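Please model the entire structure based on the sequences and the hints provided.
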Amino acid sequence: QKEVEQDPGPLSVPEGAIVSLNCTYSNSAFQYFMWYRQYSRKGPELLMYTYSSGNKEDGRFTAQVDKSSKYISLFIRDSQPSDSATYLCAMSARNTGNQFYFGTGTSLTVIP
Amino acid sequence: EAGVTQFPSHSVIEKGQTVTLRCDPISGHDNLYWYRRVMGKEIKFLLHFVKESKQDESGMPNNRFLAERTGGTYSTLKVQPAELEDSGVYFCASSQAKTGRSYNSPLHFGNGTRLTVT
Numbered sequence: 001q002k003e004v005e006q007d008p009g010p011l012s013v014p015e016g017a018i019v020s021l022n023c024t025y026s027n028s029a030f031q032y033f034m035w036y037r038q039y040s041r042k043g044p045e046l047l048m049y050t051y052s053s054g055n056k057e058d059g060r061f062t063a064q065v066d067k068s069s070k071y072i073s074l075f076i077r078d079s080q081p082s083d084s085a086t087y088l089c090a091m092s093a094r095n096t097g098n099q100f101y102f103g104t105g106t107s108l109t110v111i112p
Numbered sequence: 001e002a003g004v005t006q007f008p009s010h011s012v013i014e015k016g017q018t019v020t021l022r023c024d025p026i027s028g029h030d031n032l033y034w035y036r037r038v039m040g041k042e043i044k045f046l047l048h049f050v051k052e053s054k055q056d057e058s059g060m061p062n063n064r065f066l067a068e069r070t071g072g073t074y075s076t077l078k079v080q081p082a083e084l085e086d087s088g089v090y091f092c093a094s095s096q097a098k099t100g101r102s103y104n105s106p107l108h109f110g111n112g113t114r115l116t117v118t
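If you read the protein sequences in the order shown, they are chains A and B. Taking this note's numbering, the leading residue of the first sequence gets 1, the next gets one more, and so forth. Taking this note's numbering, the leading residue of the second sequence gets 1, the next gets one more, and so forth.
Don't read these hints as lab results, they were simulated from the structure. Since we're looking at a predicted model, the values are computed, not measured. Glycine included, each C-beta is placed from N, C-alpha and C at the ideal position. Take these hints with a grain of salt, some might be off.
[Said to hold, decoys possible] List of simulated lysine-lysine pairs, DSSO-like, C-alpha gap at most 30 Å:
1. LYS42(A) - LYS56(A)
2. LYS44(B) - LYS56(A)
3. LYS41(B) - LYS70(A)
[As the list claims (entries may be wrong)] Quick look at which bits of chain A chain B covers, simulated, 3 or more residues with Cβ under 8 Å:
4. 15-24
5. 41-54
[Said to hold, decoys possible] Computed spacing ranges between beta-carbons, pair by pair:
6. SER73(A) - SER53(B): 34 to 40 Å
7. LYS67(A) - THR5(B): 44 to 50 Å
8. GLY54(A) - LEU84(B): 43 to 49 Å
Structure follows, in structure tokens:
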């Protein structure tokens, strides 16, 4: 079983739509959760970083963590064509040492 | 602040040849990581340096892979001899984590080296 599961998509939405991206995980010890955005031929770029459960908002982006369900989400409001990219979730824990565990990424296209 | 830089961006080699990838982390970042993404799979951990010391190399596939970090600055990852299954994108990342707390400091990635072994 993979540590982190993420639907690869692809996901295609019209400009202005609300986008919901999700990951599930199996290791209940995960405490630190990240969302990365990756444009084609570029490296992953950190978007959001949260600790434990709850919500965090940054501009049009909201990250949610539900540790009881082992489920994290990233919401993008008023999506723009420039949001078209692959979105990766990642997580870590004190007892996973130095390793961060990644989802496979969801490919998002926002159509003008 | 300059980001993580990797060189080359793309390398095509034949099976059995040697390739060396280089990573320059963000200045001041003691933690340096190598990750790899094989096509269709998730990004997976290879190893972690703190300054010049290897903290964890449990993700290295086999002894054909050798990583070094000279003087705690840049790092190299050598694959010798390369096999077909080594093809993928090799990412370097760095973080400013305090000693022993690398798990809670997000990674900053380079653009990766796309390695193709034919």
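Each hint, compared with the structure:
Distance check on the hinted pair: LYS42(A) and LYS56(A) sit about 26 Å apart at the alpha-carbon level, within 30 Å; holds. Between LYS44(B) and LYS56(A), the direct Cα distance comes to roughly 26 Å. Compliance with the 30 Å bound is thereby established for this hinted pair. Restraint check: the Cα-Cα separation between LYS41(B) and LYS70(A) comes to about 21 Å, which is no more than 30 Å; the hinted pair holds. For the region 15-24 of chain A, the assignment as covered by chain B is violated, since 0 residues bring a beta-carbon within under 8 Å of that chain's beta-carbons and 3 are needed.
With 8 residues carrying a beta carbon less than 8 Å from a beta carbon of chain B, the region 41-54 of chain A meets the three-residue requirement, and the given coverage holds. For SER73(A) and SER53(B), the Cβ-Cβ distance of about 37 Å falls inside the hinted range of 34 to 40 Å, so the restraint holds. Between LYS67(A) and THR5(B) the beta carbons are some 36 Å apart, a value that contradicts the proposed interval 44 to 50 Å. Between GLY54(A) and LEU84(B) the beta carbon distance is about 45 Å. The supplied range of 43 to 49 Å therefore holds.
In this structure, the hints that do not hold are numbers 4, 7, in rising order.
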